[in-house]
Amino acid sequence: MESVLRPSRLEYVDRPEGPFCHLPDLTLRDFELLKTPVLYRRGTCLFREGQPAHDIFVLDEGRVRISVSSESGKRLTLRIAGPGEILGLSAALAGSPHEMTAELLEDAQVATIKRKDLLRFLREHREACLQVVNLLSQDLHVAYDRVRSLGLARSRRSRASRVQ
Amino acid sequence: MLSPYGLDIIESCLTCKTRTERLFCDLPASALQSFESIKYATAYPKGAVLFVEGQAPRGIFVLCKGRVKMSICATDGKTLIVKIAEPGEVLGLSATVSGKPYELTAETIDPCQVNFVKREDFLRFLKEHSDACFKVAEQLSEKYNTACHEVRSLGLSHSAGEKLAKLLLEWSSKNGEGAKQEPRLKLALTHEEIAQMIGTSRETVTRLFADLKKRQIVQSKGSTLVIRNKSALRLIASNN
Numbered sequence: 001m002e003s004v005l006r007p008s009r010l011e012y013v014d015r016p017e018g019p020f021c022h023l024p025d026l027t028l029r030d031f032e033l034l035k036t037p038v039l040y041r042r043g044t045c046l047f048r049e050g051q052p053a054h055d056i057f058v059l060d061e062g063r064v065r066i067s068v069s070s071e072s073g074k075r076l077t078l079r080i081a082g083p084g085e086i087l088g089l090s091a092a093l094a095g096s097p098h099e100m101t102a103e104l105l106e107d108a109q110v111a112t113i114k115r116k117d118l119l120r121f122l123r124e125h126r127e128a129c130l131q132v133v134n135l136l137s138q139d140l141h142v143a144y145d146r147v148r149s150l151g152l153a154r155s156r157r158s159r160a161s162r163v164q
Numbered sequence: 001m002l003s004p005y006g007l008d009i010i011e012s013c014l015t016c017k018t019r020t021e022r023l024f025c026d027l028p029a030s031a032l033q034s035f036e037s038i039k040y041a042t043a044y045p046k047g048a049v050l051f052v053e054g055q056a057p058r059g060i061f062v063l064c065k066g067r068v069k070m071s072i073c074a075t076d077g078k079t080l081i082v083k084i085a086e087p088g089e090v091l092g093l094s095a096t097v098s099g100k101p102y103e104l105t106a107e108t109i110d111p112c113q114v115n116f117v118k119r120e121d122f123l124r125f126l127k128e129h130s131d132a133c134f135k136v137a138e139q140l141s142e143k144y145n146t147a148c149h150e151v152r153s154l155g156l157s158h159s160a161g162e163k164l165a166k167l168l169l170e171w172s173s174k175n176g177e178g179a180k181q182e183p184r185l186k187l188a189l190t191h192e193e194i195a196q197m198i199g200t201s202r203e204t205v206t207r208l209f210a211d212l213k214k215r216q217i218v219q220s221k222g223s224t225l226v227i228r229n230k231s232a233l234r235l236i237a238s239n240n
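Protein chains in written order, with our numbering: chain U, 1 to 164; chain R, 1 to 240.
Simulated from the structure, these hints should not be mistaken for laboratory data.
Even for Gly, the Cβ is constructed at its ideal location relative to N, Cα and C.
Incorrect hints may appear among the rest.
The list that follows gives simulated cross-link-like pairs (lysine to aspartate or glutamate, EDC-like), each with its CA atoms no further than 20 Å apart [to be verified]:
| # | chain 1 | residue 1 | chain 2 | residue 2 |
| --- | --- | --- | --- | --- |
| 1 | R | Lys46 | R | Asp110 |
| 2 | R | Lys83 | R | Glu107 |
| 3 | R | Lys46 | R | Glu36 |
| 4 | R | Lys230 | U | Asp25 |
| 5 | U | Lys74 | R | Glu192 |
| 6 | R | Lys83 | U | Asp145 |
| 7 | R | Lys78 | U | Asp145 |
| 8 | U | Lys116 | U | Glu127 |
| 9 | U | Lys35 | U | Glu85 |
| 10 | U | Lys74 | U | Glu103 |
| 11 | R | Lys100 | U | Asp145 |
| 12 | R | Lys100 | R | Asp121 |
| 13 | R | Lys83 | R | Glu11 |
| 14 | R | Lys46 | R | Glu162 |
| 15 | U | Lys35 | U | Glu71 |
| 16 | U | Lys114 | R | Glu138 |
| 17 | R | Lys65 | R | Glu107 |
| 18 | U | Lys116 | R | Glu86 |
| 19 | U | Lys116 | U | Glu61 |
| 20 | R | Lys186 | R | Asp110 |
| 21 | R | Lys100 | R | Asp131 |
| 22 | U | Lys116 | R | Glu177 |
| 23 | R | Lys127 | U | Asp25 |
| 24 | U | Lys114 | U | Glu49 |
| 25 | R | Lys127 | U | Glu124 |
| 26 | R | Lys46 | R | Asp76 |
| 27 | R | Lys118 | R | Asp8 |
| 28 | R | Lys100 | R | Glu86 |
| 29 | U | Lys114 | U | Asp60 |
| 30 | R | Lys83 | R | Asp131 |
| 31 | U | Lys35 | U | Asp145 |
| 32 | R | Lys127 | U | Asp145 |
| 33 | R | Lys65 | R | Asp26 |
| 34 | R | Lys65 | R | Glu128 |
| 35 | U | Lys116 | R | Asp121 |
| 36 | R | Lys78 | R | Asp121 |
If you only want the chain U side, here are some residues facing chain R, beta carbon under 8 Å, derived [to be verified]:
| # | residue |
| --- | --- |
| 37 | His22 |
| 38 | Leu23 |
| 39 | Pro24 |
| 40 | Leu26 |
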């Protein structure tokens, strides 16, 4: 972790395109108040699979590799997340450990939000909760596509070609 | 009401005794009343298909009783079981929310009671009831975590033996059996269905079980499987 930056509480007017962009301004302002922006170095793991989910991460810039690993250290990249994405949402909502690892591919500013603050915010703001439901539905479609391509590949070689 | 499939149908969610134990169903009174007015209680025999992968989403199916096989299928007919849904789960949720086609096929493996809610009614219900919306987010999160678990197992396991060992350890950790020296589990699926869960053939599963029994790692007693040597099974699961 490099340094904690000044919270951009009123910068939501010039916000980058993200999942909450189209929420009412008052809701968005409440969301911005929860964020603590931090500058991270390339290679930093925001979270690792198996760790408890204490925070979620809003990626303001940069790219993050989302992957799962075997006990022997073999790694499978699920996808590359980009600016505006919210990471660690499913573990935070389910109250379970992270199912994947998120590693920064470049130096980037990432805003962290405490899990308990997020849960309270979603209970208080129905539009945001609906947006989270939409996001999780999209993520689930992507995950099932991945299950399909890995599970129904015709041969071991074909499966291996899908593992990075 | 007693249905033709031997199910004691729960007609009203308001009087359901198991409601409080289930993640989605434990709603506040006003949301529950609203849900009651938009759901259709239906009963299905074993082997009924609730929806098929690729179909436009009609709505959600809340599983009240019985179990449902959730699978995906290749064009050559090869099937992969993603999970066995248990009572309390909401099926067809992500497709209904996103409007994209159902990504899985849902087929009952027991006689089932299912509460169906039409897509437009469900979306309106979510907009009006934030508690329900929050519960849906929780359910989707769990489903996403399960899908990631499946990706890990399919993408990073080396052999069918490793995947079978992991599956048996996972099943044996339920119902308070996990801490026991020799946990027991009820094998409710056929070898064919287990094969579809780990992406292999029925013949391979039968051969693997025979091998595990021969090495006295597991023992069969009717439909109950006893894990006699948990550490040996763990060793297989960790690919050592």
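Verification of the supplied hints:
no. : hint                : verdict
1   : R:Lys46 x R:Asp110  : holds (5 Å)
2   : R:Lys83 x R:Glu107  : holds (11 Å)
3   : R:Lys46 x R:Glu36   : violated (25 Å)
4   : R:Lys230 x U:Asp25  : violated (56 Å)
5   : U:Lys74 x R:Glu192  : violated (29 Å)
6   : R:Lys83 x U:Asp145  : holds (15 Å)
7   : R:Lys78 x U:Asp145  : holds (15 Å)
8   : U:Lys116 x U:Glu127 : holds (18 Å)
9   : U:Lys35 x U:Glu85   : holds (14 Å)
10  : U:Lys74 x U:Glu103  : holds (15 Å)
11  : R:Lys100 x U:Asp145 : holds (13 Å)
12  : R:Lys100 x R:Asp121 : holds (17 Å)
13  : R:Lys83 x R:Glu11   : violated (27 Å)
14  : R:Lys46 x R:Glu162  : violated (31 Å)
15  : U:Lys35 x U:Glu71   : violated (34 Å)
16  : U:Lys114 x R:Glu138 : holds (17 Å)
17  : R:Lys65 x R:Glu107  : holds (13 Å)
18  : U:Lys116 x R:Glu86  : violated (29 Å)
19  : U:Lys116 x U:Glu61  : violated (24 Å)
20  : R:Lys186 x R:Asp110 : holds (15 Å)
21  : R:Lys100 x R:Asp131 : violated (24 Å)
22  : U:Lys116 x R:Glu177 : violated (32 Å)
23  : R:Lys127 x U:Asp25  : holds (19 Å)
24  : U:Lys114 x U:Glu49  : holds (18 Å)
25  : R:Lys127 x U:Glu124 : holds (13 Å)
26  : R:Lys46 x R:Asp76   : violated (25 Å)
27  : R:Lys118 x R:Asp8   : violated (24 Å)
28  : R:Lys100 x R:Glu86  : violated (24 Å)
29  : U:Lys114 x U:Asp60  : holds (17 Å)
30  : R:Lys83 x R:Asp131  : violated (26 Å)
31  : U:Lys35 x U:Asp145  : violated (32 Å)
32  : R:Lys127 x U:Asp145 : violated (28 Å)
33  : R:Lys65 x R:Asp26   : holds (16 Å)
34  : R:Lys65 x R:Glu128  : violated (27 Å)
35  : U:Lys116 x R:Asp121 : violated (31 Å)
36  : R:Lys78 x R:Asp121  : violated (35 Å)
37  : His22               : violated (15 Å)
38  : Leu23               : violated (14 Å)
39  : Pro24               : violated (14 Å)
40  : Leu26               : violated (16 Å)
Taken one by one, the earlier hints fail for this structure at numbers 3, 4, 5, 13, 14, 15, 18, 19, 21, 22, 26, 27, 28, 30, 31, 32, 34, 35, 36, 37, 38, 39, 40, listed in ascending order.
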